[in-house]
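Peer 1: Letter by letter, the chains look like this.
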Amino acid sequence: MPASLQEKSASFRSADRESRSAGVTVSVAADALKRRAFLKLILASAGSLAWPYRLGHAQTKETVLRVAMTLSDIPLTTGQSDGGADGGRFVNRSLYDALFSWDLSRADRPSGIVPNLAESWSVDAKTQRVWTFKLRRGVKYHDGSVFTARDVVWNFDKLTKEDAPQYDRHQARQAANWLVSVSSARAVDDFTLEITTKEPNGTLLYELTSVFMSSPRQWEKVGRDWQKFAFQPSGTGPWKLASLVPRNRAELVRNSEYWNPKQVPQTDRMVLRPMPDATTRVAALLSGQVDFVEALPPDAVPQVKASGMQVHANVYPHIWPYMLSHMPDSPFKYIRIRKAANLAIDREKLIKLLRGLAVPAKGMVTPDHPWFGKPTFDIKYDPNAARKLLAEAGYGPKNPVKVKFLMSAAGSGQMQPLSMNEFIQENMREVGIDMSLESMDWEALRSRRMAGAHSAPNKGIHGINYSWSIQYPIFGLIGQTFHGKNRVAGYNWGNFGDPRADELAAKPLREFDIEEQNKRLGELHAYLVDQAIWIWVVHDMNPRGLAGNLKGFVQAQSWFQDLTRIRIE
Amino acid sequence: MLWYTLRRVAYVLPILFGVSIVCFSFVHLAPGDPTSAVMPEFASPELIAQIKRVYGFDQPLPVQYFRWLGAVLSGDLGVSIISARPVWGELRPAILNTAQLAIAAVAISLLSGISLGVLAAYTRRRATDRAITTTAILGVSVPHYWVGMVLVAIFAVTLGLLPAMGMAPPDKSGFGLNDLRFMILPALALSMIPTAIIARSVRATVMDVRKQEFVQTLYANGLGRRRIFLHVVKNAAPSVLAIMGLQIAQLLGGSILVETVFAWPGTGYLLNNAIATRDLPLLQGTILVLAFFFVMMNFLVDLVQPFLDTRIKRQ
Chain U
1 MPASLQEKSA SFRSADRESR SAGVTVSVAA DALKRRAFLK LILASAGSLA WPYRLGHAQT
61 KETVLRVAMT LSDIPLTTGQ SDGGADGGRF VNRSLYDALF SWDLSRADRP SGIVPNLAES
121 WSVDAKTQRV WTFKLRRGVK YHDGSVFTAR DVVWNFDKLT KEDAPQYDRH QARQAANWLV
181 SVSSARAVDD FTLEITTKEP NGTLLYELTS VFMSSPRQWE KVGRDWQKFA FQPSGTGPWK
241 LASLVPRNRA ELVRNSEYWN PKQVPQTDRM VLRPMPDATT RVAALLSGQV DFVEALPPDA
301 VPQVKASGMQ VHANVYPHIW PYMLSHMPDS PFKYIRIRKA ANLAIDREKL IKLLRGLAVP
361 AKGMVTPDHP WFGKPTFDIK YDPNAARKLL AEAGYGPKNP VKVKFLMSAA GSGQMQPLSM
421 NEFIQENMRE VGIDMSLESM DWEALRSRRM AGAHSAPNKG IHGINYSWSI QYPIFGLIGQ
481 TFHGKNRVAG YNWGNFGDPR ADELAAKPLR EFDIEEQNKR LGELHAYLVD QAIWIWVVHD
541 MNPRGLAGNL KGFVQAQSWF QDLTRIRIE
Chain C
1 MLWYTLRRVA YVLPILFGVS IVCFSFVHLA PGDPTSAVMP EFASPELIAQ IKRVYGFDQP
61 LPVQYFRWLG AVLSGDLGVS IISARPVWGE LRPAILNTAQ LAIAAVAISL LSGISLGVLA
121 AYTRRRATDR AITTTAILGV SVPHYWVGMV LVAIFAVTLG LLPAMGMAPP DKSGFGLNDL
181 RFMILPALAL SMIPTAIIAR SVRATVMDVR KQEFVQTLYA NGLGRRRIFL HVVKNAAPSV
241 LAIMGLQIAQ LLGGSILVET VFAWPGTGYL LNNAIATRDL PLLQGTILVL AFFFVMMNFL
301 VDLVQPFLDT RIKRQ
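Protein chains in written order, with this note's numbering: chain U, 1 to 569; chain C, 1 to 315.
Fair warning: there could be bad hints in the mix.
Some but not every residue of chain U turned toward chain C, in silico, with C-beta under 8 Å [what the hints assert, rightly or not]:
#: 1; residue: ALA172
#: 2; residue: GLN232
#: 3; residue: ALA278
#: 4; residue: THR280
#: 5; residue: ALA284
Bear in mind the hints are in silico, worked out from the structure with no lab data behind them.
The C-beta atom is built at its ideal place from N, Cα and C for all residues, glycine as well.
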């Protein structure tokens, strides 16, 4: 290395050393101070970030019920919500009222319908098509205007008349199932309403539980804009919407002037949070971030209980079945095979896998339901009887019945579809039914169900594992037949056609007394069970997790629940 | 530089056009009528026809595509079938929510990834290096949503220190400490993979640069460690920047799993929702905007790189 370069290099090193040694004492002390200050800052920040979280919540004086829904968005708030039963439970029934509602005050019997905005009704005996309703007086919308019969007509037009200024196709879509039998509606006077149906329909009251009343005055006030109405809705329900952040939260405040004093909310405020992931809901409950959690996964129940939380569960009109294809190419066109499949399932063992959070199915509804009737076919686990039936039909272990079912990996009311289907597949194999499964996402499965077993995409499919609601007579029972006419769209997936069933299905539609109608529905149900039109597996018990300080919740035997009675103590 | 920039723009345009075709056609590959899943059983044929007409599903696919593209170019991403809200109205808050999370995750990733990578490179084959390398491998291998669940179990459920999910309630005072508190766990979960990737690539690049002759020359010239370190960092920056750009773009795209686990209403959560409900306009709009961000982020990285490494400009 040249001398000049060596000198240069030495001077660099020397300068570097000097600069380091000159201020060594000062810099060490300063560094130590800085470090301490920095550590304090970090600890203070971490403390302030973490410490007040639970304490801050406990200090709030206002009583707030924080609900975790299974949905991933806040359902439509304009009157006819989306999101299935969750939408109805948390938004429709909170912000709005329908002419009829469900009795959700008791847990020990299936919920029946009760008058709500309609107080009384009568049906023209001659035509059986014209209904007259006397409406409740003194009911006010959240905007202060008075509810009248004209508003009911306005709301019907909102859902059915394309040329009406208030027509909203998004709400129309949600209500399409409920007004299908209505031909017209007119206001006789402010508190008398007349509805004419296309044909006699004794189940109309059930359908009217799902048509909710939005305020025409509020709609005018927000410039006839349903988008704006969604953020400033006005119904007659027990809660008022205070704020809405789509996909994040909806805050509802108590409607202290609610017309039904028994259902004025016991909490000041209710916050609805969408939480589609079950683990997230459980964590939110256990960490004290929410107070009320929907659809608790069975595996989480022991932990939730051990943490001092409450677990509520009850049967409701839900069935986890396999809808069967009755098409000519389906083995299930033979009743022996349908019955054998029903007898092949060890439901008690399956329920143990579900930690006891289900009850064995004996049909569409539970035996204590008014629509159960007196079926003669007793659905139970009897593999020998199943083998015998299969042998009579010409099948056996060496010649199994080959069937293919559709299922989803998750979905509304589908419980634990993977493990349940695998368990049943094994049961079926043991008696001589070779059951293959095709899994798909929930919406795809929904699409395949609505298409029916006769459709091209469902060719070669003999059953569909699709949870079903039996809350409404048409949806649950009558729709499973042709009732003397065409196949009822979507409901009768398997195209079950039977003149006797059609005859029985027609009777409740012409029966206007609820008790008598229940008997007719019981006769239909008994016949459907005796014909083993589906494979009925279990009824879900819909476990819910509640914080330890929540009181007054009654889990009704319904898809809907009354959250107004919940108190925070 | 102008020529370089124009060339990059010329590359970006066909990519964006290709992205628009892919994101439109892919969502139509799913079997079945796009409206069937959202229509109830008793929907009248008139209502079904009306919905199809309004959303353009009654037209052949190429016509649908060009109509959609035309609308997109004029700033209209359509209306969600499910929520009835404009897609952009759905996307905008989701992007902002994801951006909040992404910025926090980027800060964590960059800070920890670069520090750990440099530390590992400077302690090569020693215990510190091995510990960092092993942690980085774990960081890449372990699913971040699982990490999220573990963080929730420890910090929210067991210790009760931080919220388990969601965003802070809206507050008129703007972004504050409470918002930050809700962000910590999802941001940590989200930063796991990018931290590990950045740490690994920084380690490799710094080690590579340190072996180069100019570093030996600097030592020989008697430069202090700090100054040599700065030279090393400057030379390692371009390749690290490219990797960081990709990671940042991915973070800005949101994470379906992490956002779902934390119920964080960002773009990943929105996308998950759109897939689950087959909300085609929302799905198409979200994918397109996220792909646009991704392409633009890489475009920006391409533009910045020549400033850090003049060799690229010369090429």
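Peer 1: Tell me, which hint numbers fail for this structure?
Peer 2: 2, 3
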